[in-house]
Structure formats: C-alpha cells, structure tokens
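Asker: Start from the sequences, fold in the hints, and give me the full structure.
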Amino acid sequence: MKQSAVFTSLGQWFLARTRKVKRIISIVVDTFAVIAALWLAFSLRLGEFYLPPTQQLWIFLLAPAIAVPVFIKFGLYRAVIRYIGIDALWAISRAVILFTLIFSVIVLIAGDWSGRVPRTVYGIHAVLVMLFVGGSRMLARWLFTHSQRQNWADLHTERFVPPVLIYGAGQAGAQLAAMLKMSNQMRPVAFIDDDETLAHQQINGLTVYPFEHLIGLIERFHVRDVLLAMPSASRRRRSEILLQLEKYPVHVRTLPDLMEIAEGRIEVSDIQEVDIGDLLGREPVTPDQTLLHSNIRDKVVMVTGAGGSIGSELCRQIMQLSPRALVLYEISEFNLYQIEKELEKFNSDVPLVPVLGSVINKNRIESICQHFQVQTIYHAAAYKHVPIVERNTNEGIRNNVFGTLHAAQAAIESGVETFVLVSTDKAVRPTNTMGATKRLAELVLQALAQAPELHKQTRFTMVRFGNVLGSSGSVVPLFREQIENGGPVTVTDPDIIRYFMTIPEAAELVIQAGAMGQGGDVFVLDMGEPVKILEFARRMIHLSGFSVRDEQQPDGDIEIQFTGLRPGEKLYEELLIGDNVSQTAHPKIMRAEETVIPWQLLQVTLQAMFEANESDDSAKTRSLLLSTIDGFTPQCDLTDWLQIETASSEQKKDRIKG
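In this note's numbering, the protein residues as written are 954 to 1611.
The set of hints was computed from the structure by calculation and includes no laboratory data.
Bear in mind the structure is a predicted one, so any value in this text is a computation, not a measurement.
Incorrect hints may have been included.
Unchecked claim - Below, in silico cross-link-like pairs of lysine-lysine (DSS-like), each with a Cα-Cα straight-line distance of 27 Å or less: (1) K1485 with K1200; (2) K1315 with K1409; (3) K1573 with K1315.
Unchecked claim - Here are the computed distance ranges between Cβ atoms for each label pair: (4) V981 with S1046: 20 to 26 Å; (5) H1324 with P1202: 56 to 62 Å; (6) F1299 with G1472: 31 to 37 Å; (7) N1157 with L1010: 42 to 48 Å.
Ideal Cβ positions, reconstructed from N, Cα and C, are used throughout, including at glycine.
Answerer: Here it is as structure tokens:
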C-alpha cells in the first residue's frame, strides 16, 4: 500500500510539473509573439524593415509585460489545447483588446519617451497579436490531433477500436464526438439526426445522415454501437427513437443528463445503458411545489428503511426540500453507511442523523422521535421480495405488520404530525403473504386513523403503487445481468404483466400524496399502461445489440426461458380493491375509498397473530390472514421453511413407525 501511495504521489508531482512546463512554454511563445507582432506592425505601417531606436526599445519590453498578465487573467494558460474552440478564441480576442487599450494609453502618456509611434500601429499590432497568439494555439491543436490520428492508425493495427454512430448532431453530439476522438476507446464514424437541414453537413469532420441511412452505415462501418446524444429531448421522443432502433442489430447507449453536459463533465466512462424509463415513454408531471414542501420544509423528517430503493430516493429528494433535519432509520449497517455517505455529498446544511434500528423495536423508534422531535415519518421499511417472504412467513408478518404498528404507535406517543406508509399494489386482492402483510399494515393505520382517541394528533396516510424500475429485486437489473452473461433471460410466464414507474417519480409522488392526506387516506398512483414482461425482455435484448433466439430465429444470440410463476406470484397486479375511487388535485394521484376494520375487532386479530407469530406457527398466521384480508387467495400452499421442515420430520417419523 505504501509503495502504491509513493507511485501515486510521484505521478501527481510529475503531472503537476508537466503542466507548469507547458504553461511556461506558452508564456515564452506569447512573449515572442507580442514582440514580433509589434515589430511587424511598425514595418508594415512605415513600409520598411524597421529598426527601433534605442529610446524606443522599452516599449518592446513593455508589450509582453502587459500582455502576459492580461492573458493569465483571461485564462489563456488554463485552456486545454486539444479541446480549444470558439470560446477560447473569443477569450483571446477580449484579452488582446484589453491589452491593446492598456498598452496604447501608456505609450501615448509617455509622449516623447516612446519615440515616433503612428497611431495605426496599435490597431495593426492588435490584429497581428490575435493572429499569432490564436494561430499558435490552433497550430498546436492541429499538430496534436494529427499526432492522435497517427497514433490511432497505429493502434488500429494492434487492436480493434469499435466504430460507433452518434444519434443527435446537436451540441451534446458534437461534444461527444470531440471527446471520443481524443480517447482511443471508441471511433465515431458518423452522425444520425432527424433535422433535414443538417443532412450531409459536416460536424467535427463527421457527416450527418438522416435515419434512413442507418442500415447502410451499420453495414458499411460494421457498427455495433449507437450512442444516443439527445439529453434535451422529451422522454416520449426518446422512447420513439428507441422503438425505431430496436429493429437493428446495435447496442444502444446514452449520455447523462443535460446539466452534466452543460458543465462539461462528460467522459467516456459516463456513457451508460439506456434509461429504462425511456422505454416506458412516460412524461414526468411537473410536481406541485406546495405539496412537496408541506410536510418537509423546516421540519424534522424521519425515513424508515432509509437505505432501501424507495427509502434512499425519498432521502435524496427530501434533502433538496430544506428540512430542519433528516433522520435515517435503517436496520442494515452497510445500507445506512452507503446512504449517509451519498447524502453528505449534497453539500447541504441539513443535519443528517443516521440511526441503526429495527422498526419492530417500538421503544427505539419512540426514543428517536422524542429526542429529535420528529414531525414527519415516511415508513418505507418492509420485506418486499415475494418468494422470500413466502418462505419466511412469520418474519414477513413481524416486520411488515408489527413493524408498521409499532412505528405508528411510537409516532402517536411522540406527537408526530404526519405518518406516510409506502405500500404496494400487491396489497390488492393479494395472492401472496407479502401482499397480505402490506394490506394488513394498511388496515392497521386505517383503524388507528378512524379512532381520534387512538391517533391523537398524528395523521396517517398510505400510498400504494406498483413496481419501480431499478429497485432491488426488480426485473431490470436481473435482465441486464443475464444479458451481459450471454443469457438466458428468465421470464416466469409469457403472459405476466406489471405496472412500472421510475424510482424518482414514485418517491416524488409519495411525498406529494402524503401532503394531501386528511387521515386514513389510501392514495393510488397512476402507473400508466401495464407492461408485458416478455416484451420488456425482448426490448432490452434488442437495445443491447443482440437478437432473441427462438423458434422463428434459431440462430439468435440470447434465449428467453420461461420458469413458471414463483410461489405467491400472480399474472397481473391491481391498484384498487373496489371501484370507489376519486380524483385529487394531482393528475397522477387518486384517492381510494375502501373497507376499514374497526380497531376493536382488528386488535383481537393482531393479538392472536402476535401469539402465533411468537411461536412461529405459520399455519395459524396464514389462517388469520385469510380470515382478515378481504380477497386474499393464496396462489400456492404454505411454503414456510419451518412448516416444510416440520412436515418432513413428521413424514420421517411415520415411515420409521411403519
């Protein structure tokens, strides 16, 4: 480790020295350029080979003495020569104009001390300095680029540099092409753009072609990658482009957001896979700022499950809404560490309070809420992986049901103003234990909200939505991993469909819905059109540059295998239990009116479930779920590990007796 640190330090020292040497060389070149330009200005003006008299020599020394500090001030020695462009030339022009003004004023004030200096010399000198200083940099850039091309040609004989097409010939595309030319990782060969006025124009030495030429370009240059450089295009437009590109055997990748491009922070490593949100083509709705800030600004906010997919995104958005403090409540030490480090990079004045703890521990939550005077809680902590909860029934109930109950009771005792439960569409007519536990958690909060003597001043709200893209356990990271490994891509059933939403959109709507609640409200998010998972898998394969191997195309690259529905899984999800739904002020948020179980009755069920849970009697807990949750129809038999082991042991005993 020490040896590595020494080499790193030496490398940094050498790099710093190299930069200083380059700056010194640039200053020396500019000094001679300014002096030579002044001499040439005199010669051109007087029409002779000018030899300055002794008394005039000082102005030849004065010129670079003024020019170099002015050039430094305008950043001429900070510009990277290989990337020099119009902005740098404009900076040179402004620097030369300022230098000329200062120089001419001093010489004019000097009067006879400066000898005979025709006034037109100043203008001629300015033009020449601009040509010499700007020209020297453009020459250096040309030499560098020529050298790079030669190196590229040499490199091409040693290893393959993949050719790429850039879709989008705007500012982002031009910047991307320039960056790729300076790297030796990808070789841009042409632009594709829908703007007819750009057709067959040249940008950065590359020709712009209309979309109709795509297949010809793919065959001509043997292209396997298309880089989408349209960060300012709407999500719907990007979705349309991706749909067009699906037919072609190319791997489509994209650039980061427009802000990073505007700040000039793009590198080759920033080229990323297509944003899956673009496949859905859902246009984001402008958030209601009043709703966003209502429960957060100048308030102490706590997020349970702060290190999870939804919890962490809630934390990111809350940090930008000016809370008085943000309490991160998380059971996983690693997840807590990760989200704390990420949020610290926000350079915000918001105090962060990372707390280790389980939502099952009511006393812990109550102590935290009272100590930090928490006013708003977003309860995102939950076990949500359907097959795992199905195999661990009682732990799912303990965390999802009693964890919610204990967190809610702690909130009531601590005087928390708002408690928002992050729920799921799997709670609607559940076919699995996880969905049933989330519906029971909703019923707990609804029952508490119905009884003023129980909830006191705490307002309970539930927000229900479907799958979020990119969350832990979702199909997107799984499909990507399977595609990278060459397949097969696994889909449970050819007819399975799901609602999808991006994590940021879901978190933003959760915050807004939480502010709408009056107490006991169940809000449902508009998830758009359901997506067929099989088609989603096909699109991801195509956009990764591969073809699907099936009966119609036996020579394809990646096969899709059907594995069958997992325990507790159903073909389609629903968001509403009944049809009693009303619109809200937000176009993407609806209010559901659903049956509530009074607390007196629900309390009896919860006590019985607690006792069964403590003895790990999963058969009893399932029976209680069946009798309590309206529409709960398990898709499979009880598959809890302990139940299976118990049944297996009894069978062994029966065989021994036999």
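Asker: Does each hint fit the structure? Answer for all of them.
Answerer: So, going through the hints one by one against the coordinates:
no.	hint	result
1	K1485 with K1200	holds (19 Å)
2	K1315 with K1409	holds (18 Å)
3	K1573 with K1315	holds (24 Å)
4	V981 with S1046: 20 to 26 Å	holds (22 Å)
5	H1324 with P1202: 56 to 62 Å	holds (60 Å)
6	F1299 with G1472: 31 to 37 Å	holds (33 Å)
7	N1157 with L1010: 42 to 48 Å	holds (46 Å)
Checked against the numbered hints listed earlier, the structure breaks none of them; every hint is satisfied.
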